[in-house]
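Engineer: Work out the full structure, taking the sequences as your base and the hints as a guide.
If you're matching them up, the sequences are chains G and F in order.
Just so you know, the working numbering puts 123 at position 121 of the first sequence, and the rest follows in order with no gaps.
Just so you know, the working numbering puts 169 at position 160 of the second sequence, and the rest follows in order with no gaps.
Since the hints were derived computationally from the structure, they do not count as laboratory data.
For every residue, glycine included, the Cβ atom is placed at its ideal position computed from N, Cα and C.
Heads up, some of the hints might be wrong.
Taking lysine to aspartate or glutamate and the DMTMM-like style, the derived pairs with C-alpha atoms no more than 20 Å apart in a straight line are [said to hold, decoys possible]:
no.: 1; chain 1: G; residue 1: K180; chain 2: G; residue 2: D195
no.: 2; chain 1: F; residue 1: K205; chain 2: G; residue 2: E76
no.: 3; chain 1: F; residue 1: K205; chain 2: G; residue 2: D108
no.: 4; chain 1: G; residue 1: K259; chain 2: G; residue 2: E319
Reference listing, derived: stretches of chain G covered by chain F, where coverage requires no fewer than 3 residues with Cβ under 8 Å from a Cβ of chain F [claimed, not checked]:
no.: 5; region: 50-58
no.: 6; region: 67-75
no.: 7; region: 79-87
no.: 8; region: 97-109
Distance ranges between label pairs, derived from CB positions [to be verified]:
no.: 9; chain 1: G; residue 1: R109; chain 2: F; residue 2: P217; range: 45 to 51 Å
no.: 10; chain 1: G; residue 1: Q204; chain 2: F; residue 2: G106; range: 46 to 52 Å
no.: 11; chain 1: F; residue 1: V289; chain 2: G; residue 2: R173; range: 43 to 49 Å
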Amino acid sequence: MAAVVLRSVTKQFGLSPVLRDIDLEVADGELVVLVGPSGCGKSTLLRVIAGLEELTHGSIEIAGRRVDGLPPQERSVAMMFQSYALYPHMTAYQNMAFGLSLARYDRAEIARRVHHAAERLQISALLDRKPAELSGGQRQRVALGRAIVRDPAVFLLDEPLSNLDAGLRARTRLELAKLHRELGATILYVTHDQLEAMTLGQRLVVLREGRVEQVGTPLEIYRLPRNVFVAGFIGSPAMNFLDASVVSADVREVLCKLEGGALVRAAVNGTPLHRDERVTVGVRPEHLHQTSDPEAPLHGNVTVAEVVGEACYAYLEIAGARDGFVVARLDADTPVRAGTALQLHAPPERVHVFDAAGDALERSGMRRS
Amino acid sequence: MTPMVVALAVAAGWPLARTVWLSFTDATLAGPADVAWIGFANYLEHDAGEWYGVLADPQWWHAVRNTLVFAVVSVGLETMLGLAIALALNTPFRGRGLVRAAVLVPWAIPTVVSAKLWAWMLNDEFGILNHVLLGLGVISAPIAWVANPDLALGAVIAVDVWKTTPFMVLLILAGLQMLPQDCYEAARVDGVSPVKVFLRVTLPLLWPALAVAVAFRALDALRIFDLVYVLTANSTSTMSISVYARQQLIDFQDIGYGSAASTLVFLTIGLAAIAYLRLVRLRPGETA
Ligand SMILES: Nc1ncnc2c1ncn2[C@@H]1O[C@H](COP(=O)(O)OP(=O)(O)OP(=O)(O)O)[C@@H](O)[C@H]1O
Ligand SMILES: [Mg+2]
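Structural biologist: And the structure:
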């Protein structure tokens with residue numbers, strides 16, 4: 003059974019549409035991650051599901067029950083707010099216990115739940131403090147704790163880990179993954195963090211300007227982005243885009259000519275294309291390899307080389323590149339410095355081609371569902 | 010800092026010091042030139058088996074009682090009404106801005122004017138209140154609202170509540186708008202009952218603003234003068250300590266005795282302020 007079903011969910015503030023015609027089904031026990039640029043409507047979507055904002059039109063079902071039109075408390079959701087929304091005059095403990103009514107739980111059960119959640123989030127020592135006496139990351143964990151002590155049908159978590167340092171974030175992420183498995187909870191999770199999105203999400207929803215751009219498993223979205231926006235948004239560093247024109251295209255392969263004259267092969271179905279059509283070629287930094295072949299499609303001089311431990315990011319000036327340069331993720335041991343001349347090659351099955359409208363051409367030999 | 014202290018000393022300290030000094034003399038309005046120091050005689054003196062002085066005057070103690078009853082009841086009512094109205098005005102509805110402005114009208118009218126207004130409306134012969142009540146059949150004979158000693162203090166309190174509740178509404182509304190809105194959304198999603206939210210979230214968060222508003226009003230109410238004087242003049246049934254002091258000073262032209270009463274008014278209010286601040290600070294869990 004689907005835990006959350008959104009049908010043509012639309013929300014306008016005054017005349018400006020913030021959510022446009024969103025359809026989404028979240029399965030029971032699924033963890034769905036919402037990603038998208040700032041201001042694309044992620045928080046608004048959670049607020050609409052929680053019932054804090056009224057729908058302009060469309061419908062929402064939670065656990066098989068139509069809930070739009072019901073007040074928030076009857077929707078059986080727990081929400082963690084991006085702003086934390088802690089009660090400033092209450093201690094961390096009181097904050098977490100406040101939503102647990104004495105009608106449903108006895109005092110001992112409330113204490114057990116709060117302490118259990120606090121332990122998982124490593125805030126047991128902070129339970130007597132008020133929000134003003136906590137750091138941003140500590141407040142965030144109290145807010146997360148307040149959501150997880152309840153047992154709703156759906157959790158709505160708005161950037162729950164954004165304020166934590168790298169180590170704590172990784173640990174809390176694991177705790178969340180464990181929690182999700184143990185509780186079998188249905189979670190809608192907003193994040194700006196690529197790693198969180200890729201590792202936590204069973205499915206990813208990419209939003210732009212209130213529209214769903216693509217829904218799929220993290221790997222699907224990484225491998226088969228539907229358009230330039232999704233391709234550029236998912237993956238870090240972002241995909242390289244190069245302007246090109248079609249030399250030849252058939253059902254298995256497209257041959258493109260870059261601005262500089264070099265030829266690039268892509269294993270995509272080129273039947274919708276015609277000769278000389280303008281296209282955009284996309285290659286991820288991690289799919290560019292160094293080669294000694296002088297005919298290699300991409301060659302140029304390194305302007306900056308960043309060694310980040312396990313890898314070296316080389317920035318090459320290449321004509322026709324969207325940002326003026328192309329980034330390649332090379333082995334950290336590769337001896338490159340600023341000024342080194344590099345030849346790069348990309349396997350055709352890793353090269354993406356987008357038409358003039360920005361839509362991706364299908365990978366050859368595959369059918370996208 | 011220093012200029013402020015000097016300004017305060019000149020503006021408030023000097024008249025106060027002079028009043029205190031006069032209260033230890035036998036000065037009268039007729040001849041303040043040759044005054045003699047008579048110690049505490051204006052306050053309390055035992056002479057020939059009799060007690061004299063302000064503190065021995067049953068009229069004074071009656072005024073103290075009136076003032077305390079007036080302050081506690083009117084500020085209490087104003088706080089409760091003010092809270093209720095402010096909460097209502099804090100929820101969004103069509104035309105809220107207009108209602109907010111309208112609520113302030115009674116407060117914007119000068120006290121003397123509104124007191125006079127009410128004196129007419131409460132008049133037993135020509136007042137509109139009696140007219141309406143008679144017309145509705147609620148009462149069978151006109152009531153002397155301000156002349157009847159049993160009703161007069163109630164009438165004064167009612168007019169003060171009418172006049173000053175808007176001020177309370179304004180202060181509380183300002184406090185309400187400072188409250189973090191997202192907490193309320195969290196409480197809604199968690200299904201916390203509105204009563205529990207009010208008692209456990211709104212009231213504690215509003216407490217500092219409320220305490221200041223109540224302190225302001227209480228100190229104001231303790232020195233009530235104009236309303237009482239315009240509505241009921243020197244009637245003993247409503248006489249406040251300020252009216253008492255004025256009567257001694259102006260009507261009886263006894264500056265020494267009147268100054269003693271004024272000094273006592275000052276002391277009473279000062280003590281009330283200190284006691285109140287103590288009370289507010291001692292409330293558990295409310296130290297910032
Ligand atoms: N109450 C409101 N009234 C008018 N516009 C609003 C309101 N709330 C949000 N918006 C607008 O809706 C858009 C989406 O906002 P939202 O908070 O959902 O973005 P977001 O995706 O959560 O962004 P971020 O990643 O920065 O948190 C923004 O352009 C914002 O200005
Ligand atoms: Mg947001």
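Engineer: Would you mind marking each hint as holding or not holding in the structure?
Structural biologist: So, going through the hints one by one against the coordinates:
| no. | hint | verdict |
| --- | --- | --- |
| 1 | K180/G x D195/G | holds (19 Å) |
| 2 | K205/F x E76/G | holds (17 Å) |
| 3 | K205/F x D108/G | holds (17 Å) |
| 4 | K259/G x E319/G | holds (17 Å) |
| 5 | 50-58 | holds (count 3) |
| 6 | 67-75 | holds (count 3) |
| 7 | 79-87 | holds (count 7) |
| 8 | 97-109 | holds (count 3) |
| 9 | R109/G x P217/F: 45 to 51 Å | violated (30 Å) |
| 10 | Q204/G x G106/F: 46 to 52 Å | holds (49 Å) |
| 11 | V289/F x R173/G: 43 to 49 Å | holds (44 Å) |
Consistency note: the structure conflicts with earlier hint 9 alone.
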